Amino acid sequence: MIDGDPAKKAALKVLGVRKSYGPVVAVAGIDLVVDEGEFFTLLGPSGSGKTTLLRLIAGFERPDAGRIELGGRDVTSVPPYLRDTNTVFQDYALFPHMSVAENIAYGLRVKHVSRQEREKRVQRALEMVRLTNLGGRRPNQLSGGQRQRVALARAVVNEPEVLLLDEPLGALDLKLRQEMQIELKQIQKEVGITFVYVTHDQEEALTMSDRVAVMANGQIEQVGSPVEVYERPATEFVAGFIGISNVLVRDGVRFVVRPEKIRMLSEGEPAPPGMVVESGEVEEVIYVGMSTRYVVRLERGEHLVAVRQNMDALGDAERFEGRPVRLAWTADHTFVLDKRR
Amino acid sequence: MSETLTRFALRAWVALVLLFLFIPIVVIFLYAFNSSKIEAWPIEGFSMRWINVTLSDAEVVSAIRLSVEVALVTTLLALILGSCAAFAIHRTTFFGRDAINFLLVLPLALPGIITGVALHAFFDYSGILLSVATIVVGHTTFCIVVVYNNVLARLRRTQGSLIEAAMDLGANGFQTFKDITLPLLSTAIIAGAMLAFALSFDEIIVTTFTAGAQNTLPIWIFAQIRNGQRLPEVNVVVSLVILVTIIPVLIAARLTGGGGASRVPAAK
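The listed protein sequences derive, respectively, from chains A and B. The opening position of the first sequence corresponds to residue 0 in numbering that gives the first Met the number 0, with each subsequent residue numbered one higher. The opening position of the second sequence corresponds to residue 0 in numbering that gives the first Met the number 0, with each subsequent residue numbered one higher.
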């Protein structure tokens with residue numbers, strides 16, 4: 000059982016939920032508690048069951064076993080239109096025959112909210128996503144980023160207990176995606192709605208989330224804050240999926256050193272006290288703009304990746320492949336892997 | 000140089016083909032206003048004479064009425080059965096789904112004479128008297144397809160997540176159908192209905208085998224031409240039929256954006 004903060008109220012509880020499609024197990028028994036107002040991310044590669052879990056929460060799928068609670072109410076067998084959740088779909092799913100404003104108002108309309116109230120809330124939602132003047136447009140007259148905002152407004156305007164987002168930024172280009180990440184997080188803080196966000200993008204997960212659940216093979220590998228899952232991954236899978244991880248075995252213990260924690264010592268530089276030093280040879284130098292990645296083959300045969308910020312312009316000596324180096328790191332910055340895998 | 004020549008030749012060829020296709024139709028229109036009783040070229044003079052004669056001919060009027068009635072009832076049946084079938088095939092998977100899809104589309108490819116003979120044999124065998132109802136049944140067999148194809152093509156082009164989005168926003172099954180599914184399908188349904196009407200209205204082969212003493216318009220025309228009687232009236236009636244069938248087909252093509260309104264089976 001993975002608990003949320005005991006001081007807060009749970010918005011969503013997933014208890015022992017399983018779902019199979021024929022012989023394929025999509026969700027293999029998941030327990031989860033998401034707190035009210037939390038930005039919670041399900042992170043995993045494709046096929047890890049994260050989208051199925053989201054669809055189970057939305058009610059599009061029925062679990063084979065287990066229970067789902069929303070705001071303390073058991074909704075396991077409640078159809079999607081009676082659940083207090085709203086979804087931002089990956090393909091946005093905007094109604095093409097309705098204007099932007101009509102799209103946003105649709106949820107309120109079917110719930111018989113008065114016209115006056117509807118107009119007020121739609122207006123507010125349009126302001127929130129900065130599309131105030133586009134209420135009269137049709138979805139096909141909007142850009143990808145604008146459609147994405149409409150999809151968000153259409154969901155948020157209903158003020159659901161939990162807002163579900165299925166890779167909502169997946170179709171946007173990198174620049175727009177990064178802008179939207181910041182904007183999404185701001186909107187979430189502003190409206191205070193619980194977000195359950197599905198993504199396969201580790202950077203997206205780390206940037207926006209209060210807590211991240213890393214999923215693989217229909218199960219949760221680890222739940223924790225972005226710092227926790229990055230700095231103290233519970234399993235080798237988590238270590239490998241989030242960031243670059245160097246796995247080493249020394250004295251029968253498997254542990255991980257993150258590339259940015261490794262220091263490359265210059266020739267003749269004495270080993271700093273308290274640091275582990277190992278020597279090897281630079282095999283590859285990868286220049287990535289902000290930093291440079293060095294793939295180093297240790298004398299014991301393993302490969303390590305070290306990252307160095309490009310604080311000064313790169314000298315020729317440092318670009319040299321095949322040059323011997325010494326790598327140093329603090330034992331505090333390594334973490335021993337769970338023996339599960 | 001040779002490129003302009005090729006282009007010119009190509010255009011001339013296209014013009015010839017179009018002329019070949021449409022000159023006979025234009026001639027019929029012209030004959031409808033012919034003042035003479037004899038179809039001869041050049042036309043002696045223009046008059047409204049045959050139009051007046053035709054419209055006051057009780058036989059013609061009753062044939063038109065019957066054809067319209069049959070086409071309307073056929074369209075209604077085709078609409079109901081065709082859209083229901085399209086939904087069933089699109090939404091569900093069941094044993095024999097592909098076979099049913101094939102059987103629904105088959106009447107399009109099947110020569111009308113086979114449908115006609117088969118239906119005639121069936122009605123005869125079951126002791127069902129040929130009547131307006133049997134004509135409608137005959138027409139419905141091949142009109143279902145055009146509605147079915149149009150609706151199915153639209154369903155396949157529609158994002159599946161739209162239905163889920165509506166339900167997610169709180170719309171129950173009926174509201175989703177009314178607010179989302181129906182508006183998205185409406186043009187395909189209308190286009191299908193118009194095509195069905197046009198198909199039924201000018202159908203002759205199946206009608207020949209499924210009509211008793213009833214004369215639909217095409218049957219009446221055929222009889223007149225065979226007997227060489229009242230040919231000027233036939234010209235007027237044919238012009239009318241062209242108008243009645245062309246307009247809905249044009250609207251249907253408009254509604255489905257050109258390609259969709261074909262009588263050809265939807266790609267499967």
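No lab work stands behind these hints, which were simulated from the structure alone. These numbers come from a predicted model, not from an experiment. Please note: incorrect hints may appear among the correct ones.
[To be verified] Estimated spans, in silico, between C-beta atoms of each pair:
#1 A:G46 - B:R155: 41 to 51 Å
#2 B:I241 - A:L175: 50 to 60 Å
#3 A:V190 - B:H89: 56 to 66 Å
#4 A:P78 - B:A132: 26 to 36 Å
#5 B:S185 - A:E178: 49 to 59 Å
#6 B:A117 - A:D73: 56 to 66 Å
#7 A:N309 - B:R90: 54 to 64 Å
#8 A:G46 - B:L105: 19 to 29 Å
#9 B:A132 - A:A170: 23 to 33 Å
#10 A:H111 - B:L105: 24 to 34 Å
#11 A:S142 - B:R90: 46 to 56 Å
#12 A:F59 - B:A132: 44 to 54 Å
#13 B:I113 - A:D73: 43 to 53 Å
#14 A:F59 - B:R6: 50 to 60 Å
Note that beta-carbon positions come from the ideal geometry of N, C-alpha and C, so glycine has one too.
Verification of the hints:
Between G46 of chain A and R155 of chain B the Cβ separation comes to about 26 Å, which falls outside the hinted range of 41 to 51 Å. For the pair I241 of chain B and L175 of chain A, the beta carbons lie near 54 Å from each other, so the given range of 50 to 60 Å is met. The hinted window of 56 to 66 Å between V190 of chain A and H89 of chain B is violated, with their beta carbons roughly 37 Å apart. For the pair P78 of chain A and A132 of chain B, the supplied restraint of 26 to 36 Å is violated, since their beta-carbon distance comes to about 43 Å.
For S185 of chain B and E178 of chain A, the Cβ-Cβ distance of about 38 Å falls outside the hinted range of 49 to 59 Å, so the restraint is violated. Taken as a hint, the range 56 to 66 Å holds for the pair A117 of chain B and D73 of chain A, whose Cβ atoms sit roughly 58 Å apart. For N309 of chain A paired with R90 of chain B, a C-beta distance near 57 Å keeps the hint of 54 to 64 Å intact. As the Cβ distance of G46 of chain A to L105 of chain B is approximately 40 Å, the hint placing it in 19 to 29 Å is violated.
Taken as a hint, the range 23 to 33 Å is violated for the pair A132 of chain B and A170 of chain A, whose Cβ atoms sit roughly 54 Å apart. Against the hinted window of 24 to 34 Å, the Cβ-Cβ separation of H111 of chain A and L105 of chain B comes to about 47 Å, which falls outside the hint. Evaluation of the 46 to 56 Å hint for S142 of chain A and R90 of chain B yields a failure: the beta carbon distance comes to about 32 Å. Range check, F59 of chain A to A132 of chain B: Cβ separation about 45 Å, and the 44 to 54 Å hint holds.
Range check, I113 of chain B to D73 of chain A: Cβ separation about 59 Å, and the 43 to 53 Å hint is violated. Between F59 of chain A and R6 of chain B, the C-beta spacing of about 56 Å keeps the proposed range 50 to 60 Å intact.
Checked against the numbered hints given earlier, this structure breaks hints 1, 3, 4, 5, 8, 9, 10, 11 and 13; the rest are met.
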